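A.B. asks: Each chain, letter by letter, is given below.
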Amino acid sequence: SAVISQKPSRDICQRGTSLTIQCQVDSQVTMMFWYRQQPGQSLTLIATANQGSEATYESGFVIDKFPISRPNLTFSTLTVSNMSPEDSSIYLCSLTGTGSTNEQFFGPGTRLTVL
Amino acid sequence: AQSVAQPEDQVNVAEGNPLTVKCTYSVSGNPYLFWYVQYPNRGLQFLLKYITGDNLVKGSYGFEAEFNKSQTSFHLKKPSALVSDSALYFCAVRDVFSRIYFGAGTRLTVKP
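Those protein sequence lines, which keep their order, are chains A and B.
Quick note on this note's numbering: the first sequence kicks off at 1 and runs consecutively.
Quick note on this note's numbering: the second sequence kicks off at 1 and runs consecutively.
Since the hints were derived computationally from the structure, they do not count as laboratory data.
None of the values given here were measured: they were computed from a predicted structure.
There could be a bad hint or two in this list.
To be verified - Listed next, the stretches of chain B that the computed footprint assigns to chain A, with coverage defined by at least 3 CB atoms under 8 Å from CB atoms of chain A:
#1 14 to 24
#2 59 to 69
Claimed, not checked - Derived DEER-like restraints, expressed as beta-carbon distance ranges:
#3 A:26 <-> B:77: 28 to 36 Å
#4 B:40 <-> A:62: 49 to 57 Å
#5 B:14 <-> A:63: 35 to 43 Å
#6 B:40 <-> A:81: 38 to 46 Å
#7 B:80 <-> A:63: 34 to 42 Å
#8 B:16 <-> A:14: 47 to 55 Å
#9 B:80 <-> A:73: 26 to 34 Å
#10 B:8 <-> A:73: 36 to 44 Å
#11 A:3 <-> B:15: 31 to 39 Å
#12 B:96 <-> A:1: 18 to 26 Å
As the list claims (entries may be wrong) - From the structure, some residues in chain A lie toward chain B, with a derived Cβ separation under 8 Å:
#13 20
#14 31
#15 39
#16 42
#17 45
#18 48
#19 52
#20 66
#21 69
#22 73
#23 75
#24 92
#25 94
#26 103
Ideal Cβ positions, reconstructed from N, Cα and C, are used throughout, including at glycine.
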């Protein structure tokens with residue numbers, strides 16, 4: 001199984017600022033993803049973080065608001081730009097396990113509060 | 001498009017009784033289905049998955065799920081509920097690009 005770490009684990013930010021969330025994996029993985037869980041809601045896929053190319057965003061999410069980097073096969077960042085209180089959520093990175101397990105692993109999440 | 005539906009926002013059961021958390025799916029092609037659990041202030045935990053094979057899938061913490069192709073369902077079950085099973089449960093489906101799409105979630109409350 002893969003071990004995923006995220007930084008920061010939580011943060012409180014002011015409206016209009018930006019926050020970059022880091023996701024580090026202990027092994028090389030091909031597919032990495034970013035999800036958002038708004039308070040009391042389910043998880044929603046933001047984008048697929050592609051190594052060596054631009055991220056692929058789901059409907060309703062745009063690169064200007066959620067720029068993503070994927071410089072190598074073990075690391076990715078998600079930036080939440082020009083934040084508003086509606087961006088208060090838990091942000092999780094995820095990856096697909098290799099081999100026959102086909103399991104999807106999730107990071108511990110970053111709890112963001114925007115004032 | 002792949003999607004799952006959880007028709008119940010809330011399920012209440014008494015400790016020791018069997019529990020069922022319902023999930024139906026809509027997919028094109030073969031379904032890759034998952035159940036996850038989220039405890040308060042804790043991360044998302046994998047319970048079980050269905051990829052292919054036996055329709056009854058056994059997972060963590062005594063949970064199992066039954067894949068029913070004709071009813072397009074993947075209900076989560078446990079023969080005897082524990083108070084510690086109280087949590088938020090998510091059904092999910094994965095597409096060919098490994099993107100996971102979650103249901104709205106069902107809050108399970110097990111009362112002593």
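A.B. asks: Take the shortest C-beta to C-beta distance between residue 103 (chain A) and chain B; is it under 8 Å?
C.D. replies: Constraint on residue 103 (chain A) satisfied, holds at 6 Å.
A.B. asks: Go through the hint on residue 92 (chain A) and say holds or violated, using the shortest Cβ distance to chain B against 8 Å.
C.D. replies: It holds, given that the least Cβ distance between residue 92 (chain A) and chain B is near 7 Å, below 8 Å.
A.B. asks: So is the stretch 59 to 69 of chain B in contact with chain A by the C-beta rule, three or more residues under 8 Å, or is the coverage claim wrong?
C.D. replies: violated (count 0)
A.B. asks: Using 8 Å as the Cβ threshold, decide whether residue 73 (chain A) counts as touching chain B.
C.D. replies: Since chain B brings no Cβ nearer than about 15 Å to residue 73 (chain A), farther than 8 Å, the hint is violated.
A.B. asks: At a threshold of 8 Å, is the proposed contact between residue 42 (chain A) and chain B supported by beta-carbon distances?
C.D. replies: This interface hint holds because 5 Å falls under the 8 Å limit.
A.B. asks: Regarding residue 40 (chain B) and residue 62 (chain A), is the given constraint of 49 to 57 Å on their beta-carbon distance met?
C.D. replies: violated, 32 Å
A.B. asks: Can residue 48 (chain A) be said to touch chain B, with a Cβ gap under 8 Å?
C.D. replies: OK, holds: residue 48 (chain A) within 8 Å of chain B, min 7 Å.
A.B. asks: May I ask you to test the interface hint for residue 31 (chain A) with respect to chain B, counting a Cβ-Cβ separation under 8 Å as satisfied?
C.D. replies: Constraint on residue 31 (chain A) satisfied, holds at 5 Å.
A.B. asks: Kindly confirm whether 31 to 39 Å is satisfied by the beta carbon distance between residue 3 (chain A) and residue 15 (chain B).
C.D. replies: holds, 34 Å
A.B. asks: Taking 8 Å as the limit, does the beta-carbon of residue 52 (chain A) come near enough to a beta-carbon in chain B?
C.D. replies: violated, 16 Å
A.B. asks: For residue 80 (chain B) and residue 63 (chain A), compare the CB-CB distance with the range 34 to 42 Å and indicate the outcome.
C.D. replies: violated, 49 Å
A.B. asks: Using Cβ atoms only, decide whether residue 94 (chain A) comes closer than 8 Å to chain B, and label the hint accordingly.
C.D. replies: holds, 7 Å
Hint compliance for this structure: hints 1, 2, 4, 5, 6, 7, 9, 13, 15, 19, 20, 21, 22, 23 are broken, all remaining hints hold.
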